[in-house]
Amino acid sequence: MNVLIFTLVVFAGSLFAGFLGSLTGLGGGVVIVPLLTVALGVDNRYAIGASLVSVIATSSGSAAAYLKEGFTNMRVGIFLEVATTSGAILGASVATRLPGPAIEIVFGVVLLVSVYLTLSLRKLPAVGGEGLARRLRLNGSYPTSNGNVSYTPRRVPLGFGIMAGAGALSGLLGIGSGAVKVLALDQAMRLPFKVSTTTSNFMIGVTAAASAGIYLRRGFITPGLAMPVMLGVLAGSLIGARLLISARARLLRLVFAVAIFALGVEMIVAGLHL
Amino acid sequence: MIRRSDQGRWSDRAVEATMGTVLRYGVVLAAVLVAAGGVAYLFERWDHATHYSVFAGSPESLTTPAAILRGALALDPASLIALGLVVLVLTPVARVVFALLAFVEQRDRLYVIFSLIVLSVLFIGLTGHSL
Numbered sequence: 001m002n003v004l005i006f007t008l009v010v011f012a013g014s015l016f017a018g019f020l021g022s023l024t025g026l027g028g029g030v031v032i033v034p035l036l037t038v039a040l041g042v043d044n045r046y047a048i049g050a051s052l053v054s055v056i057a058t059s060s061g062s063a064a065a066y067l068k069e070g071f072t073n074m075r076v077g078i079f080l081e082v083a084t085t086s087g088a089i090l091g092a093s094v095a096t097r098l099p100g101p102a103i104e105i106v107f108g109v110v111l112l113v114s115v116y117l118t119l120s121l122r123k124l125p126a127v128g129g130e131g132l133a134r135r136l137r138l139n140g141s142y143p144t145s146n147g148n149v150s151y152t153p154r155r156v157p158l159g160f161g162i163m164a165g166a167g168a169l170s171g172l173l174g175i176g177s178g179a180v181k182v183l184a185l186d187q188a189m190r191l192p193f194k195v196s197t198t199t200s201n202f203m204i205g206v207t208a209a210a211s212a213g214i215y216l217r218r219g220f221i222t223p224g225l226a227m228p229v230m231l232g233v234l235a236g237s238l239i240g241a242r243l244l245i246s247a248r249a250r251l252l253r254l255v256f257a258v259a260i261f262a263l264g265v266e267m268i269v270a271g272l273h274l
Numbered sequence: 001m002i003r004r005s006d007q008g009r010w011s012d013r014a015v016e017a018t019m020g021t022v023l024r025y026g027v028v029l030a031a032v033l034v035a036a037g038g039v040a041y042l043f044e045r046w047d048h049a050t051h052y053s054v055f056a057g058s059p060e061s062l063t064t065p066a067a068i069l070r071g072a073l074a075l076d077p078a079s080l081i082a083l084g085l086v087v088l089v090l091t092p093v094a095r096v097v098f099a100l101l102a103f104v105e106q107r108d109r110l111y112v113i114f115s116l117i118v119l120s121v122l123f124i125g126l127t128g129h130s131l
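Residue numbers (the numbering used here), protein chains in the order written: chain A, 1 to 274; chain B, 1 to 131.
A couple of the hints might just be wrong.
Label pairs and their in silico Cβ distance ranges [to be verified]: (1) Phe43(B) to Arg134(A): 52 to 62 Å; (2) Lys68(A) to Val32(B): 38 to 48 Å; (3) Arg9(B) to His273(A): 53 to 63 Å; (4) Leu132(A) to Ala17(B): 26 to 36 Å; (5) His48(B) to Gly161(A): 19 to 29 Å; (6) Ile5(A) to Arg9(B): 51 to 61 Å; (7) Ala67(B) to Leu158(A): 36 to 46 Å; (8) Phe123(B) to Leu158(A): 40 to 50 Å.
Just so you know, the hints here were simulated from the structure itself, not pulled from any lab data.
The structure presented is a predicted model; accordingly, all values stated were derived computationally and were not measured.
Backbone N, C-alpha and C define an ideal beta-carbon position, used for all residues, glycine too.
With the hints as extra help, turn the sequences into a complete structure.
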C-alpha cells in the first residue's frame with residue numbers, strides 16, 4: 001500500500017473510531033488501536049502512539065463543547081487527575097519495556113474485562129462517603145429540563161484508586177481508558193451518567209498528555225501515521241459529540257459493549273498469533 | 001472577560017467556559033499545523049511504500065521538542081506534523097495551568113495544591129523520563 005492510499009484508509013477508519021468513541025464517551029483509542037494492528041498490520045507501538053495523540057485531540061475538542069453545557073465537574077476532574085496522571089507515567093514506563101505481542105494481549109484482556117464490568121456490575125448502593133466529598137468540595141449540580149439537580153459523590157477513596165488504574169491503562173495502551181473512568185465516576189462514586197461521561201472526557205486529555213512525552217522520546221509517535229489518525233478521530237468525535245446530549249444512556253452502553261467485546265477478541269487472537 | 005461571582009471572585013461556571021476556550025484554540029492550532037504538514041507530506045511522498053509493520057522508532061530529529069521545532073522552521077513536512085502534535089499535547093497542560101491561576105484567584109488553597117501536583121506529574125512525563 002502506498003502512502004496516499006494508506007493515509008486515506010487510516011483517515012476513514014479513524015473518522016469512524018472517533019465517532020463511535022465520542023458517542024459512547026470512551027474516546028477513539030479502543031477502536032483505532034485494534035483497527036491499525038489487526039486490519040492494517042501496524043506495529044502496536046506505533047498504533048498506541050498515534051492513538052494517544054488522537055485521544056488528546058478528541059478529549060480536548062469535545063471537552064470544549066461539554067464545558068459549555070454545564071455537565072462537567074471541574075473539581076472532581078482535577079482532584080482525580082492527581083491519580084490518573086501518576087498512573088499514566090507508570091503505565092507508559094511499563095509500555096516502553098514490554099514486547100509488542102504482550103501489549104496486544106493485555107489490550108484485548110482489558111477490553112473484555114471492561115465489557116464484563118459494564119454489563120455485570122450493579123451500581124453500588126448510594127450510602128456513605130459524602131463527608132469526604134463535602135470536605136473536598138466535590139459536590140455539584142447539572143442542568144435538566146426541570147432545572148438544576150444537585151448530587152454528592154460517594155466512595156471517594158475507591159474512585160481515586162480506580163482512577164489510578166485507569167491512568168496506568170491509558171499510559172500502557174495509548175487509550176483514554178474512558179470505560180474505567182466512567183466505571184469509577186458512575187458506579188463507584190455514583191455521579192449522574194452524563195456528569196460521569198463528560199467529566200471522564202475532561203480528564204482523558206490530561207491523563208494522555210502525562211505519558212505523551214515518554215512515547216515521543218521512545219519514538220512511538222510517528223508523524224506519517226499520527227496525522228490521519230489524529231485528524232480523523234478528531235473530526236469523527238466532533239460529529240459524535242453533537243449527538244451525546246440527546247442520546248439515551250442505556251443504548252450508549254449497549255453499543256459500547258458489543259463493539260468492545262468484538263475488538264477484545266480480535267486483539268487477543270492477533271497477539272497470540274505473533 | 002471572566003464574570004465575577006457575588007464575592008467578586010471568578011465563578012466556577014466562568015472558569016469552565018474559559019477552559020473550554022483554551023482547549024478549543026489549542027486543538028484548532030494543532031489541527032491546522034498537522035493538516036498543513038500532512039498535505040506537504042503527502043505531496044512529497046504519496047507514492048512511497050509504508051513500513052509501519054516493523055517497529056524501528058522515530059528518527060532522532062522527531063523525538064525531542066527542540067529538534068522538532070528546528071525541523072518545522074525549516075518547513076520539513078514530518079516536523080510540521082510533529083510540531084502540531086506537540087502543541088496538541090501542551091493543550092491540556094495549558095488547561096491545568098489556567099485552572100491553577102483560577103484557583104489562586106479564588107483563594108482556593110486545596111485546589112491550588114491539587115493543580116500543582118498534577119502539573120508536577122505532567123512535567124515529569126513531558127520531559128520524557130520514564131520510571
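Outcome of the hint check:
no., hint, result
1, Phe43(B) to Arg134(A): 52 to 62 Å, "holds, 58 Å"
2, Lys68(A) to Val32(B): 38 to 48 Å, "violated, 22 Å"
3, Arg9(B) to His273(A): 53 to 63 Å, "holds, 59 Å"
4, Leu132(A) to Ala17(B): 26 to 36 Å, "holds, 28 Å"
5, His48(B) to Gly161(A): 19 to 29 Å, "violated, 47 Å"
6, Ile5(A) to Arg9(B): 51 to 61 Å, "holds, 55 Å"
7, Ala67(B) to Leu158(A): 36 to 46 Å, "holds, 43 Å"
8, Phe123(B) to Leu158(A): 40 to 50 Å, "violated, 28 Å"
In the structure shown, a violation is registered for the earlier hints numbered 2, 5, 8, in ascending order.
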